Amino acid sequence: MLSLVSKTFGLLWRTVDDSEEDNCEDPDCTEYTNVHKGTVTRFCGDYGLVNDFIYFTPDLVLGGMPLQIGQKVNVIAQKNATSGGWKALKVEPVTREWDEDITSDTYIGLPCRNEPSTLIGSITSCNNYSGYINDTTYFLMADVCDGYKPYKGDWIQAQYFIDQATWKSQACCVKPLRYKRVDKAQITRIFHRSGVVDDDIIFTLDSVRLPNNYLPHKDDWVNLVIIESNQSLYSWRALCMAPMDTKSFSVAPQKANAELEQIDFQLFSSKGGLEVTKTIHFGNLKQGEKKDMILWIENKGEETQHLLRSKLAGWERADQFVLEAPTVIPRPSASANETVQKKIPPEIKSNDKVTEFQPLYVDLSSPGTSGQQCKSPGPVTQLAESNSPVPTKPIQQLSCPLSGGDFSATEAPGIQSIEKYNHGNLASASPLVSLLPNEKAYINIKCEAKNPGCCKELLLLYFSGFVIGRYIEVVVLNDEESLLAPCSTYVPVQLKTSRADPQEANAIIVMGQKPIRLARRHLPSFIPQYPIPQRIKDCIARKADILTAQPKLVQELNMSNYQEHFSTLLWLEEIQAELEIQEFYMVGVVLKKSGDFLILEVPGLAEGRPSVTIGDRLLLRSPGYEETTVCYSGFVAQVCEEEIMLKFHSTFQQTYKGEPLDVEFTYNRTSIRRCHFAVEQAFHLGEAVLFPERVTLQAPQVITTWKDIDLVLRDENENRCNSKGENDQEKDLDSALSSSCKSLEAADRERGHRNAKERATEIVYMSDGISVSTQTGSGAKNITGPSKRQECEFFNSLLNESQKCAVQRILRGECRPTPYILYGPPGTGKTVTIIEAILQIHHTLPHSRILAATPSNSAADLLCVRLHESNMLKQGDLVRVNASCRAEETIPEIVQLYSKGGEDLWEASRHRIIISTCTTAGLFFQIGLRTGHFTHVFVDESGQASEPECLIPLLLVSEKDGQIVIVGDPKQLGPVMRSKIASVYGLPISFLERLMARPVYSRDEGFSAFGSYNPLLVTKLNKNYRSHSSLLKLPSELFYHKDLKMCADQSVVNSFCNWEKLPKKGFPLIFHGLRGAEMREGSNPSWFNPKEAVQVMRYCCLLAKNYTSPVKQSDIGVIAAYHKQVQKIRILLRSGNLSEIKVGSVEEFQGREYLVIIVSTIRSSEDNMSEDARYVLGFLSSPKRFNVAITRAKALLIVVGNPHILIKDPCW
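Residue numbers (full-length UniProt numbering): 1 to 1212.
Think of the hints as simulated: they come from the structure by calculation, not from any bench. There may be inaccurate statements among the hints.
To be verified - Distance ranges between label pairs, derived from CB positions:
1. VAL491 <-> THR629: 44 to 50 angstroms
2. ARG998 <-> SER1135: 39 to 45 angstroms
3. PHE43 <-> THR629: 32 to 38 angstroms
4. SER1008 <-> LYS874: 41 to 47 angstroms
5. VAL491 <-> GLN875: 53 to 59 angstroms
6. SER622 <-> GLY686: 53 to 59 angstroms
7. ASN223 <-> THR666: 57 to 63 angstroms
8. LYS180 <-> ARG542: 37 to 43 angstroms
9. ILE894 <-> LYS1142: 18 to 24 angstroms
10. SER488 <-> GLY147: 52 to 58 angstroms
11. THR188 <-> ARG998: 25 to 31 angstroms
12. LYS1142 <-> LYS180: 42 to 48 angstroms
13. VAL491 <-> ILE894: 44 to 50 angstroms
The structure presented is a predicted model; accordingly, all values stated were derived computationally and were not measured. Where is the CB? At the ideal position from N, CA and C, for every residue including glycine.
Use the sequences and the hints to build the structure in full.
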């Protein structure tokens, strides 16, 4: 069919050609040209050029196919008589030659089935039959290489082609990108259905290949094959694994991994002809209420069955459920005189809790049977699925006190050793009851509601040869929840896609008044518009694969494709932002008047749904669509939690009488245009900044002597020499530096190695403040123009050795312009290090000009406050430049002292120290500042900024001699992106994270004396001054290679070690398990969990209202994932006079610390977890959020959540 269509196009083309040639014989006709196999040479916005002189638009391309630069086309063009330019009339992509047997041909420029292109990406979804790479490229399992089973998160390499029928990409020859064999490794952790080997390699029972009859256990020694995969905080996944000792299998064949999926079914299924009540649900009970239920056991088989023991499995610990003695109901044929109640023999009565039995892989988050609510109030006896009469004789009670909903200090069940239900020790015991065929027995279960939440317990019935399990459930309510009940049923706000552009609809737009601050800054704009190319818009609109419009996205990032790659990702992000903001088109809303402003209530505004800032533009129009209508354009003057204040034209402000109007939000392109400009100008920075491959040394900016730091380094060096030997150390250092200073050219490699070794030797060997290489002169022969030696002292005498070394290396700047990274895990004092470095540069280098940029205003304000508190700057040295959209009342009082000078950007640019956000630094482009204005640029919290955003301040530094300092932690919060496509192609990866993945910045044990990083490029701070060692242990192991050392004030971090509520004294961490219910209300899409909110409030009361040692409210922080939960917790705290306790999201707490942190995880239902991934609000899919949440506490961490949900994540 395609061959036929192609030939038809060819025939039509030839027909047109012939007619045009005939027409052009007339000397008075319009001039035409026929270009065969011309080349698409460029795209400029929504049009393109062929051979650099023929203009064409996408609608002229036959078949609507998106074209690429370099693609061959046939063109018929017409010359404009006035301008002399050529405009295409028709554009046909040149097709390949094919025969009738080939049915999958495609155009030149896009990969075809015959000549596919290479694709490198990650598996984003898969099942037993197919999957997707990067969310867009489809593949079949039949196209996967033998021995490899794809799993979500795996990095793969494949060949792909474009299916011309669907404009989708399809992959073939799918194989792992990188893999290797690891021998003699130990399983260090087991959790749920997953485990970890050597603390670095994750495996899951759903994907790993195991030998028959083997199940992994903790401490097993194994050999395995691993592949690169993004699995939460782990980068490698085990593909197959086998024990080193094949004779040590501890699993019986019938319990091998081939049958693990059936264990839950086996436990809850009927056996031996017995029928057991399936549901034991007490329904909703208020705290303190009591209730009884009956569990029936009926023998429908032909053999007598003996009940040996009945137990509660011990998941709960609040004594909420109690079992009574089992009682037998005789067969109906027995006479009344033969009715005997079989009591429990005294010798087998037990008061012991069951702690040793943990059923393997029984998923408690999904009940084996559905429950039935019992509505009878009070202490009544409820029959469960039976109409049999209950004897009136007293029932003996088994004393097995077990709990309800409090999981404090207990771990949720995971992969443990498989037990065959421990029948051996019961074989000789007398049975509790014996059930003859057709006999029934019952067990009375008492429930006393104690802990709020949905409480679930596992009941185990041990019979001869098998075990039957049943869940017992109850929902415990409390009075405080009534304060948080939904005010109305959740109904999504009525959303409507935006109508066409008002200009296209003959609309008259009445412009409103801009906020005063925006109007005061009259700035020229030298930044182009960077409109979204029509081919990318069309690709997204028809849901085609982005690779049809931009196939270079799959290429490895380099200097040649850098601008094209990031420009495409920014356009994709903008398209998604526009689509999302159109979803919030509001129909028939009424605005409230407030003075000169109109107030609009926007549900979900506080969570960025939609995202609105001061200066954004909104359109108002009447609901009736007329051919000519009037639209009023207003600007956002102030943003509150759920409301925005708008400023419109005075005529509309005066005449508006409360009529319902439609509201359209518009996307503010200012920030993204600055990012485009930065990406376009990034070539000025060069490979030394963007893609550093080796250490190239320059003359130090200043040669200094540092008495205290030199003594420390000399002592460390002497200790290393005594333990290892000087020659060995030089050899190791030589080897490590040799591998870090490689280059593509031999001469550069040799010179880089020699210089790096001399510089590192200078750092290690110190004598009287002057390096060995400086003393001998050997270090000067490759460095021209050494700086004048100065004697310096630290302004902050409390800095530790790593912090002082970082300041010294920043001041020397020997690797400039290659960025220097200050790696600062939580609580390690990176801010004080930055402040010291800025002050040292300012006082030591009199001609320096410093720009300190951060992604957020709060981080920039903190730098400004700390510099102010140093008292080391005189008036006029420092200025804080704020964004035009920032409300003045939100600026801290101290920062306002330095913000006035930032209003005039020309004046602000003359200050020696400038602080701003990364995007606000783009204002300097608008006044004509360019590369080289600043000598030093610091980017703090750089892990939170996207790479294009981070480039904005970097472009203002000298590309040859400027010093770039990147500060942050790649393991904490990163940038938040809207576009799923842009995310899978790398836009959320920060510049800091990408740099640290490059070989010269990577962790290298050859530099173990310097924190395992090349000291010329990276300093990792490892002394934590915030948290108790118990709270620090987990994040140190999971994220920081166990490098963090506790150096906090013992009197502070130990202040809760003996708190009466701690499950384990000396271990200031509480996990409060609570199975609550998540819900929404009104038209607000945000989630909240009343039961968790109440529990959080109770902990706050216990802490802040303690009679003996109350905790200051300002020392308590509450972290919640959703803003609606934040609101509900604030309501409860206000009712208890605890309104000074800080409650906020994870983002609000980054960079902050509190004596006590309480975390509410909220989510209790797996049905709605997919929405978290879209809006990035939850914990479960983000190890970085997890890291930030648990590292804010100094002395006490309390986590309230559902363990059945959290256990699915490796971090939790």
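Taking the hints in turn, this is what the structure says about them:
1. Roughly 29 angstroms separates the CB atoms of VAL491 and THR629, a value that falls outside the hinted 44 to 50 angstroms.
2. For ARG998 paired with SER1135, a C-beta distance near 53 angstroms fails the hint of 39 to 45 angstroms.
3. Here the CB-CB span from PHE43 to THR629 is close to 35 angstroms, well matched to the stated 32 to 38 angstroms.
4. Between SER1008 and LYS874 the Cβ separation comes to about 43 angstroms, which falls inside the hinted range of 41 to 47 angstroms.
5. Against the hinted window of 53 to 59 angstroms, the Cβ-Cβ separation of VAL491 and GLN875 comes to about 57 angstroms, which satisfies the hint.
6. Range check, SER622 to GLY686: Cβ separation about 55 angstroms, and the 53 to 59 angstroms hint holds.
7. Checked against the given bound of 57 to 63 angstroms, the beta carbons of ASN223 and THR666, roughly 59 angstroms apart, stay inside it.
8. Distance hint check for LYS180 and ARG542: the Cβ-Cβ separation is about 42 angstroms, which falls inside the suggested range of 37 to 43 angstroms.
9. A beta carbon spacing of about 20 angstroms between ILE894 and LYS1142 agrees with the range 18 to 24 angstroms that was offered as a hint.
10. Distance hint check for SER488 and GLY147: the Cβ-Cβ separation is about 56 angstroms, which falls inside the suggested range of 52 to 58 angstroms.
11. Our hint of 25 to 31 angstroms for THR188 and ARG998 holds, since their Cβ atoms are close to 28 angstroms apart.
12. Taking the beta carbon of each, LYS1142 and LYS180 are about 47 angstroms apart, inside 42 to 48 angstroms as hinted.
13. Remark: the range hint 44 to 50 angstroms for VAL491 to ILE894 is upheld by a beta-carbon distance near 45 angstroms.
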